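K.L.:
Residue strings, one per chain:
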Amino acid sequence: MSTATTTPTRRRAPVTSTGIVFIVLALTIVAGAILTAMAGRNFFSPGNISAILTGTSILGFIAIGQTLVILAGSLDLSVPYVTSLTSLVAGVIMAGQTSNIVLGVVVALGVSALIGLANGLVVTLLDVHGFIATLGMGLILAGYLATNYKGSAGSAPRDFRLIGATNIGPVPVSTLIMLGCAVLVILLLRRTRIGHHLYAVGGNREVARMSGLHTTTPVVMAHVLCSVLAGMAGLLLLARLSVGSPTIGAQGGYDLMSIAAVVLGGTVLAGGKGNILGTLGGVAIFAVMDNVMGVMEVNPFLKDVVRGVVIIAAVAVYARRTAGRPPRFGRQSLGDAALQEAR
Amino acid sequence: MSTGTTTVDRAPGLLAERQGSPLQRLARTLGTPGGAVFILCGVLLAAVVAANPNFGEPGSLIRFIGRTAPIAIAAMGQYFVIVSGEFDLSMGSVVTMQVVISGNLIGQDESRILPVMLLMVALGILVGLVNGLATTLLRVPSFIVTLGTMLALSGLVLYLTGGAATGNPVDSFRQIGRGGIRDVPVVDIIPYPAIILVALAVGAVLLMRRPYGRTLIAAGDNPEATHLAGAPVWWVKTRAFILSSLAATVAGIILVGYAGVHPSVGRGYEFTAITAVVLGGVVLGGGRGWVLSAAAGAFALELLFTLLNFLGVASTWRDTVQGVIIILAVAAAGKAWRAGLRPRRRDPATTAQSPGSPAGATTPHTPGSPAGETTGPTPPVQGTTTGEN
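For the protein sequence lines, the chains are A and B, in the order given. Everything in the first sequence is counted per the working numbering, starting at 38 for the first residue and increasing by one. Everything in the second sequence is counted per the working numbering, starting at -14 for the first residue and increasing by one.
Hints are computed from structural coordinates only; laboratory data are not their basis. Careful, some of the hints might be misleading.
[Claimed, not checked] Taking beta-carbon pairs under 7 angstroms as the criterion, some of the chain B residues facing chain A (in silico):
#, residue
1, Val28
2, Leu269
3, Ala316
4, Gly319
Note that the coordinates shown come from a computational prediction; the quantities given were computed from them, not determined experimentally. Positions of the beta carbon are idealized from the N, C-alpha and C atoms, including for glycine.
Chain B on its own, in the form it takes in the complex:
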């Protein structure tokens, strides 16, 4: 959460995140929206197990993780874009495109798996590059750019397939989404999607700790300041779009195994991913949030659906419950972010030297829209608020 850019000349422990014992720090983290989503996951999991004890067995839990992997991966990809202050609405269409490509180009020929996968990755990079460059260099709002690529890609896919299911990739390719390492003690099977998810999660966490991740969060928080600090904001954001499209590509590869080849696979994925990311406490408008919280948001969402399923709620009400939950979660998260920010500013020593103070902890930057609307009532304490971000 905190970007941890504390300067040397200040007293140690200036950042509230760095104070206290590890246990206290953990407790405080769980109090933030990004931490609370893990508690939410735990509560939902307990509720699901209470509704259906079979779900608590390791074997079905790991299968659940495998089932949730594609949406969690998509959420992590969407996280990169959202934390940099943008949107990626083209994600669902990229998933659809990759699913249809793999179905039609691989066919029953195993030797084609590798080249086609390379092609899919290349196309994913291309879509991300187009989204990113149009957003950053042409300065079209990302909402509009990715809406345009969404329309263009889904139209193209529907045109080429005629809207019907076509093609069927060879089974060994579908094993990526369907299969797993068998005969494992305790859990019986470790699905490949779960392994991919863990690997990507570790990679994403490491990436966010690298200079790139720090710059990305800074670019989402205040692009102008980041630009003035010498970072190539356009390239940082473009790479975020590429990561998002690549995540959609991976989700598509996994979904081929689960869902088969149909142009409706992936429909609505962008909004589910955004919902998961927001549920994970990541602030729309950028600059705040943890990548694993985004993945946890996806798990919370899936657990919620599973719970509704077990409780016998008609599937048509799922949307309604989801709508209520995301509104409440975001409202609660917004209050929590502000509540968590206020007390720290009471110390006059930290507020006096506000310009250039540690970014994540004390900036009175409120959650805003991707393009500079300031939503929350910023406490007018520091007077350094810029109108745009």
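Here chain A stands alone, though its shape is the one from the complex:
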């Protein structure tokens, strides 16, 4: 559905889809600044900028991971439950003791890595579609959480809570960590062999396989990293709330919102095309929208309506644009297309 079925006549437009994402982000910021000013506030005050950046961090972690998984041609619907689980595991292990912070973080991230490994192996070895594999994994975790945790549990020591509360200038530390992860993932995608393989496998797994790549490794890696990043989001939530909660992930709707942010960032849902920078733009668009609606005191239910409309409208803008492109695997030889994807 994403690839063009109409006649491929128009040449590629000079603006990249990431460029469009940031144009949309700029428009959102301008609109937000005007609306905020009409409400009698200053959009660019340090407090407000800090609030917006704080709003990007959690969805940012998850969306970065989701980008990897979507680039690999899969999906991850289990992220909210991984987030809840890590916040609980780390919270229970830390139990308010500063000395347990490292142990809690390591165990929590280890658990989420194992979940990601299971996702990746089910997707690659059992050949289950990522949608179903991670939907199933999400249900498994949901059952575990509902059975073993009746409510909030554990507590974060003060030193750990500082991660969620400290600012450097107007920039929260949590956002800096998120951006650090983004830089690492960008380097992984652009500078390493496995990153290029990830694009190749996501673009066309069969061509990648015939080109001699191990098609399982990049997909499994993407799932592991996605779960670990979701785990980091869980740790951050623990730092903010100081207790682990079994429902925090599901309440946030992080599975669908992260996918929406990724697609809003110009990544093709079918895989093989897109980048982290666009995803960060998509996350920022959501954060600005939320902030502006918060300032304007929009009814929280109506926020969902606005989000839904904006998602469709924004994606329609560049989905229409890409419609004029030549098909990715059309008349040209398959190998060329694969190389083009892996660039």
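Put chain B on the given structure of chain A with help from the hints.
P.N.:
Structure of chain B alone, referenced to chain A:
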């Protein structure tokens, strides 16, 4: 399953589905994922009856069918969308919307039932139309479109109701979901939902045998080929979205009788319906699967829950069991589809003339994502695999 578009100049019986006696064909069908779900239903039913013999009585069986009808109807609606290669995540919100509308607009006035139902149908068509047109003409991935309509509709419903239960439709309207034809021999009562389910199932099977159904499967299997063959893919897919929203509307009307009017009715319906469809062996990414298998998948799911209930499993573990089951079922189905496809390609006479060969039976099209990811390792035999679908 097979689209049955065999050409005249070939030897008769080219399609493996058309070979052998009816019994052999039945056995072979039961071997495919779409057939195996009926066996799964049978096994689960036997297990439930073993756990609780009362369940086997005709009266409670027919009530069970009535209870399962809304989810089975939703699964059939979702089937149309999935077999055309798309997703409909807005289904649950449509159910919620219809439930809330019927609760608030009908009220205690029987004369309003008909106009309000017409309004609900019109709204269902409208939602489907928006989903379909945004997917096909604006080329937004259906996952995103229906996610957007899901957010918008559920937000709107929650905003209008304030998140609390409001309104109570007149009892005669609720009878559609609650009541039935009474004093029937053997089964005592035939619930209206069961009748609606059977009628819709017959209609869906007939529709899938009509040119529309064939085109829909072809559009899911290879939209470009279908487009080149002259079919209006955008309109075919849009109608699938409309059918899905209408199925959600019917499910909503039935659910009013069961569950009453609350904005939480219908929550999670889209994922349950997708699970049921996938359990029925329908391939995500389109082009493969039978509509009744989707309904059977819904029954398998409900039977599973009933079994867990009777076995005294804590309700919190239901999700976990459901998760394990769908992963295993889809893994097994994927293996079965490929195993079923391979032997037929050994015959060199059929493979040599591959382009334009019968669609359902021999195309090496693997289950893929809705937007063209190829999941399974396609045997590189025919060399006609297109990267996109």
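K.L.:
With reference to the structure, classify each hint as holding or not holding.
P.N.:
Now for the hints, and whether the structure bears them out:
{"no.": "1", "hint": "Val28", "result": "20 angstroms, violated"}
{"no.": "2", "hint": "Leu269", "result": "5 angstroms, holds"}
{"no.": "3", "hint": "Ala316", "result": "4 angstroms, holds"}
{"no.": "4", "hint": "Gly319", "result": "5 angstroms, holds"}
In the structure shown, a violation is registered for the earlier hint numbered 1 alone.
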